[in-house]
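Residue numbers (the numbering used here), protein chains in the order written: chain A, 1 to 341; chain B, 342 to 638; chain C, 639 to 1035.
Just so you know, the hints here were simulated from the structure itself, not pulled from any lab data. Take every hint as true, because none was put in to throw you off.
What follows is a list of derived Cβ distance ranges for each label pair:
id, chain 1, residue 1, chain 2, residue 2, range
1, C, 998, B, 457, 39 to 45 Å
2, B, 443, C, 679, 20 to 26 Å
3, B, 390, C, 869, 30 to 36 Å
4, C, 666, B, 389, 56 to 62 Å
5, C, 947, A, 257, 37 to 43 Å
6, B, 346, C, 813, 53 to 59 Å
7, B, 525, A, 81, 22 to 28 Å
8, A, 203, B, 525, 37 to 43 Å
9, C, 950, A, 173, 53 to 59 Å
10, C, 947, A, 19, 24 to 30 Å
11, C, 666, A, 241, 47 to 53 Å
12, B, 525, C, 894, 43 to 49 Å
Short derived list, chain B residues pointing at chain A, Cβ under 10 Å:
id, residue
13, 452
14, 531
15, 534
16, 536
17, 539
18, 549
19, 553
20, 557
21, 627
22, 628
Some chain C residues well away from chain B (every beta-carbon gap over 10 Å; in silico):
id, residue
23, 677
24, 689
25, 713
26, 746
Built from N, CA and C at the ideal position, the CB exists for glycine as well.
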Amino acid sequence: MSNTILDVKNLRTTFYTHMGEVQAVRGISFEVNQGDVLGIVGESGSGKSVTAMSIMGLVDEPGRVSGGSILFMGQELTKLSDAEMNEYRGKEISMIFQDPMTSLNPVYTIGNQLIEVIRRHTDLDKDQAHARAIELLQMVGIPEPEIRIKNYPHQFSGGMRQRAMIAMAISCSPKILIADEPTTALDVTIQAQILDLMVRLKNQLHSSIILITHDLGVVSEVCNKVNVMYGGMLMEKASVFELFDSPQHPYTLGLLKSIPRDVTGERKRLVPIEGTPPDLLKPPSGCPFSPRCPYAMGICVREAAPLYTLSDTHSASCWLHHKGAPVVEGFVQVEEESVHE
Amino acid sequence: MLTILLIATVTFFMMHAIPGGPFSRERPLPDEIIAALNEKYHLNDPILKQYFDYMVGLATFNLGPSFRRTGFEVEELILLGFPISAKIGLMAIIIIILVGIPVGIVSALRQNKPADYFVMFIATLGVTIPSFVVAALFIYIFAGVLQWVDAFGLERPSSYIGPVLALVGYSLAFVSRLTRSSMLEVMRQDYIRTARANGLSRFKVIYKHALKNALIPVVTYLGPMVAAILTGSFVVEKVFTIPGIGKYFVQSVNDRDYTMIIGSTVFFAVLYVIMVLLVDVAYSLIDPRIRLGKKSE
Amino acid sequence: MGYQQNDFDFLDSSRKTDKEQIREALTYWADTWRRLKKNKMAIAGLIGVILISLFALFGPSFTDYEFAEQHTDFANTPLRVEVYEISTDLYVYLTPAYRMIVVEPDGTFLYRLDQSGFDFANKQFHFDYEGEDVMVDYSYKLLDELADENIDYSITFRGVEYKVPYKVTSNKSYPLGSDNVGRDVLTRIMYGARISLEVALFAALFSLVIGVTYGAIAGMAGSWLDNLMMRIVDIIDSIPLLLYVILIMVIIDNKGLGTIILTLGLFYWVGMARLVRGQVLSLKEQEYVLAARMLGVSQPVIIWRHLIPNAMGPILVALTMMIPTAVFTESFLSFIGLGISAPLASLGTLCNDALDAIQTYPFQLLAPALMIALMMLAFNFLGDGLRSALDPRLRKG
Ligand SMILES: Nc1ncnc2c1ncn2[C@@H]1O[C@H](COP(=O)(O)OP(=O)(O)OP(=O)(O)O)[C@@H](O)[C@H]1O
Ligand SMILES: [Mg+2]
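Use the sequences and the hints to build the structure in full.
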């Protein structure tokens, strides 16, 4: 597609620890187009954050991207040096994190940190950057930005800090904003405001968002596409409509079942499916979900399924889609040719 | 202020709790002489009057005559020794800060590399080996075997090397270890990740964002560091026979020169309290969450 | 891609191989020990501690000397001795202080020869060997024209001058030399190490008792009493402790073992009290404590019963770290003349005693000083290792 901004192919990220190789991400592929809000969901430890950090080029020792490619607007990011990557980070791709309480430097003012980022990526002088900082704070809905800009992070509430983080992230109108569980640490009403703000700013700046979350409710509200991850692999990717309407992977099915149907509309964290996620130190040779899968077959234990393309926007990695597999209600089967990679 | 008052009071009453009084020695003095001495040092006055007189004296920096060095006032001895000790102590502090902090940073940035292991090995030796051992080794090697420097006194500039080295040892090692671990801790913090995610250069991330935070625990150590240098000076001045306040103090301890002991203890304590106060000020300058007097959060 | 026959059959639940390996459930201490073993420094420290303890405890039974046993004839002998054979079966050794000692061929000291004369003009000493004269000429180093010979002295006996020693050997009588009154340095270090260890161990235990009691009371009492007790702890923390330890030692003026143990213990319990109080406070919140309470068990009993196993790890670390601190403080006090004194001697006392002669007999100072350093290193390594082995943050690995 012509307006593809980010194209991740067969990405692998491995941590070479003294206990052995931890394969946190094991060959995942997806694209982000302009205007997308891509949700990444999955249990704790499924490799969501590592995926995000790999895109940012921020995977730290002892880890590194051990395979695959990340194309950003045609530029291969995995080949760039740290210094070259700095030209992209915060300018073309920016990121906000889960815990706003600890994500801002406590010993510098909000203004100082914001202006620093602005001046890092633009030619604005001090005063212009200051004016721009105030403007940004205004945009993210911080009242009295002229005064607040002089505050230290500890003088901000959690929600305001996350707004400040967003201001920093959008300061150079990035093409992609990666948000790793941006609202988990906030209370429910603030969550909604922050998500709303992010989507509004995305539209205003014509950028896209990768939203990592545990919350399928959030996904259904703000995302247009979803990646479901498990054990460092992509289980299913689909448009939001397809995913909720006809999930094509037993893991996704399990996730959807575990959403509490709460009449008050209050969202809860996912109730995990029975069993524990795999140990990525010695990942099972087959499908990572097979030990917990109610539909596990002989082949699942031996070999991970390829990604079966089910529609233009929908694919899933499960042997049930193989035409030789038993037919299970709700799961479609496809011809061998539509296998992706 | 309150702390100083408390320290002075406790010290005063502690000294007066000594059984037998200050003039009891191995060989008892004739009674008349003791009486005369008691008279001279106002030891017959009621204890409260003595206390009051002492406090007034303290406020006016008049610490009374030395018991054993007749003809000397305690404050004279302190003023005599202090500049010498202060000079060495100051050199030590400057070296600790100028060497310890950078070494700690470099070590943290090269975590688990040979340079780091080497520095931490030396630093571990430094915090575990007492200063008199360092001093003795130094004298043995550089004054004894190699004959590069004088073993005693402060006549030549090179004579300062040994005392300063022995004085610096523990705190230098401690500061580098503290800086290192604090730096490593800070580098793991979320705000460092934020700074990197915003494309700031490695230099800025380390020297602007990490360093200031990493220095906070180091600043807290400055108070204890002064105490360590103070007590270190007792040993160092004794070993290198330097006529500083530490040597006088050890001497007065050995001859049970009570006015001198009280005087110097109070002097040291006051010095310490002032340092702690300065550290508080420095602290509030670095960490905006702490404002003088009250801690938020 | 070749598929096998049963590939697309569902697995029954029993055949589903759960690949999760269940990590052996280890008990707390076994787990700690496992991780301690991996830490080379800690093991080095542990071995060091064991060796030093053995050295201090059992060493003295292997030496021929009592620690206060004096042989003034053999004062200030070094580690190595030059033995001259000045006649068949007559071997002598000249000490640095120009005393002549008759020795066995292997260097064991026998007896000292009396000095019979001293000729200052010719730089000669004369000794009396069974009525015969032994002459030592020490002019070689002093006169420029003799400097080429590059020896310190020569010995002349029955008209023959001996310039080269028969052999240079280790000091068989005193493996680490003797001190200024002829006491065996090795024996003294053994005893000194024993005293230092005793002081450190008991001071640490004593401060442990105070600290645990104080901390437990503060933690259990809560409210204003807790506040008050912690204020006191803060105040104690804000004064330069060593200064007050010195002051107390001056006042008590009794340089016995007990005094120094009490004084050290009296000042170094503060950290332990904080630690224990924290543990008690967190225990109070625990559900099983609440549950036990509902069942009518009194709170102190519960806390006491649960505190010990829970706080054991941190307390052990604090104890291990307290020992080097106490060793250091004790040697510091002894060194400035306030700690242990004659007839007892700790390592610090030994250092202090040897200080006067540091230029001439540096080894008498270096030996106990190195011993102190070794002790501190061993205990610190062990303590550091224990701390990281017990650190819950690192526990997973
Ligand atoms: N620095 C590291 N060293 C070793 N392993 C790591 C490291 N960072 C992450 N991992 C491993 O990578 C795997 C994926 O972690 P990741 O943080 O991406 O999970 P996540 O999906 O973001 O989980 P969560 O929902 O809890 O944030 C985990 O099993 C983790 O153990
Ligand atoms: Mg995560």
